[in-house]
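Residue numbers (this note's numbering), protein chains in the order written: chain V, 1 to 111; chain Y, 1001 to 1120.
Hints listed in this document are in silico derivations from the structure and should not be mistaken for laboratory results. Here the structure is a predicted model, which is why all the values come from computation and not from measurement. All C-beta atoms in this analysis are idealised placements derived from N, C-alpha and C, irrespective of residue type, glycine included. Incorrect hints may have been included.
[Unchecked claim] Rough simulated footprint, nothing fancy, chain Y against chain V, three-plus residues with beta-carbon under 8 Å:
1. 38–44
2. 101–107
[Claimed, not checked] Computed from the model, here is a short list of chain Y residues facing chain V with C-beta under 8 Å:
3. Leu-1039
4. Leu-1043
5. Phe-1065
6. Thr-1106
7. Gly-1112
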Amino acid sequence: GQNIDQPTEMTATEGAIVQINCTYQTSGFNGLFWYQQHAGEAPTFLSYNVLDGLEEKGRFSSFLSRSKGYSYLLLKELQMKDSASYLCAVRDLSSLGDMRFGAGTRLTVKP
Amino acid sequence: GAGVSQSPSNKVTEKGKDVELRCDPISGHTALYWYRQRLGQGLEFLIYFQGNSAPDKSGLPSDRFSAERTGESVSTLTIQRTQQEDSAVYLCASSTRGAGAGWGNTGELFFGEGSRLTVL
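Isolated chain Y, as found in the complex (with noise of 0.2 Å):
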């Protein structure tokens, strides 16, 4: 697709049980990154993915939250045994990770349109 792709767009779940989030990034971007977005907040930095180097788990809040990505292409996060604080937009960008790749490749985060989750 031409943009930044995320499922559900919402979610509704049970507290304890698991969500599964999906995002499928921009063709050919490398870099893709996970937020949690609180109503009336700023976005909260979760992971990193960068090519095929380590991601960055370092915005993780818990080990309740893990992430993969296959290759370059889709990522999916998951959240284990969710509690009500879990509720939020979780908000997955894509960009070239333009640092150092040429003049005019500013590498902006390009972002899909969330997936709200709401843990009762």
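Bound-form chain V, shown alone (with noise of 0.2 Å):
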């Protein structure tokens, strides 16, 4: 099995940066994946990691360290729209039903 941990909620500022972190326990781990889901809405892909070290994308970074089992999603120049829930997702082949995710972090945005 896996677990897939990450904060519950989280709040920042309009401008500033943000980082949400993931952990996670697997035995056959083929990728780390970031979805964002507005309230309402479907989760969209923003963000793959499969290899150790940082993803850039615009605003959006991401980060992976497999030996610790750990990973990051950074945003930075935050704005009112990045409010949403941010979800970790875990490939693991030792497992046929390989895509497994955390409960998100709900992320708020002030002004």
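Bring the two chains, given one by one in their own frames, into a single complex with the hints.
Laid out in structure tokens, this is it:
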């Protein structure tokens, strides 16, 4: 099985930087994903890491350390529209149902 | 269609009735997933189909839940004798199942808009 842990809620100020952490335990790791989900909408793909290091895409970056079972999503220059839930998901080849999600981190961006 | 299509978008039913939810994945996507999301909570894995392999049903919460998929196309999730605790949004997702399939093919999930089920 998998344990995927992330904080339940975070609050940050518009224009600031926020880091959302995710820790996981899995036996057949094959990639870590971050998704964004606005209230009442479906999740949408943000980033993917399979090798250690930092992946940058505009204002969003995602980091992975496989040895530590740790990832973070970094959001820079926060905007009000970034208020959403951020879901960490892990692909585990040891399980047929191979994509499992954490409970999500609800981020509120304040003026 | 261009994206994952789910129907109905909203379903209100009475306790004890059966419901059927439909998912039409992106053409060519071999993997299909069903998740349940209760209000304010995360995604709860239900079932996973990959090509012609036996589905992974390990997430189905009870024998009232079942799902079928025809080849690599449409899937239906059936809930029999619905209970109020079944009220949730049921999300379907599909992917190319990119593991080992080549660089740049991440196999991320593409989600439908979900079917909101309310059991009275």
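Going through the hints against the structure:
1. 38–44: holds (count 4)
2. 101–107: holds (count 4)
3. Leu-1039: 10 Å, violated
4. Leu-1043: 4 Å, holds
5. Phe-1065: 14 Å, violated
6. Thr-1106: OK, holds: Y/Thr-1106 within 8 Å of chain V, min 4 Å.
7. Gly-1112: OK, holds: Y/Gly-1112 within 8 Å of chain V, min 6 Å.
Comparing the model with each numbered hint stated earlier shows that hints 3 and 5 do not hold.
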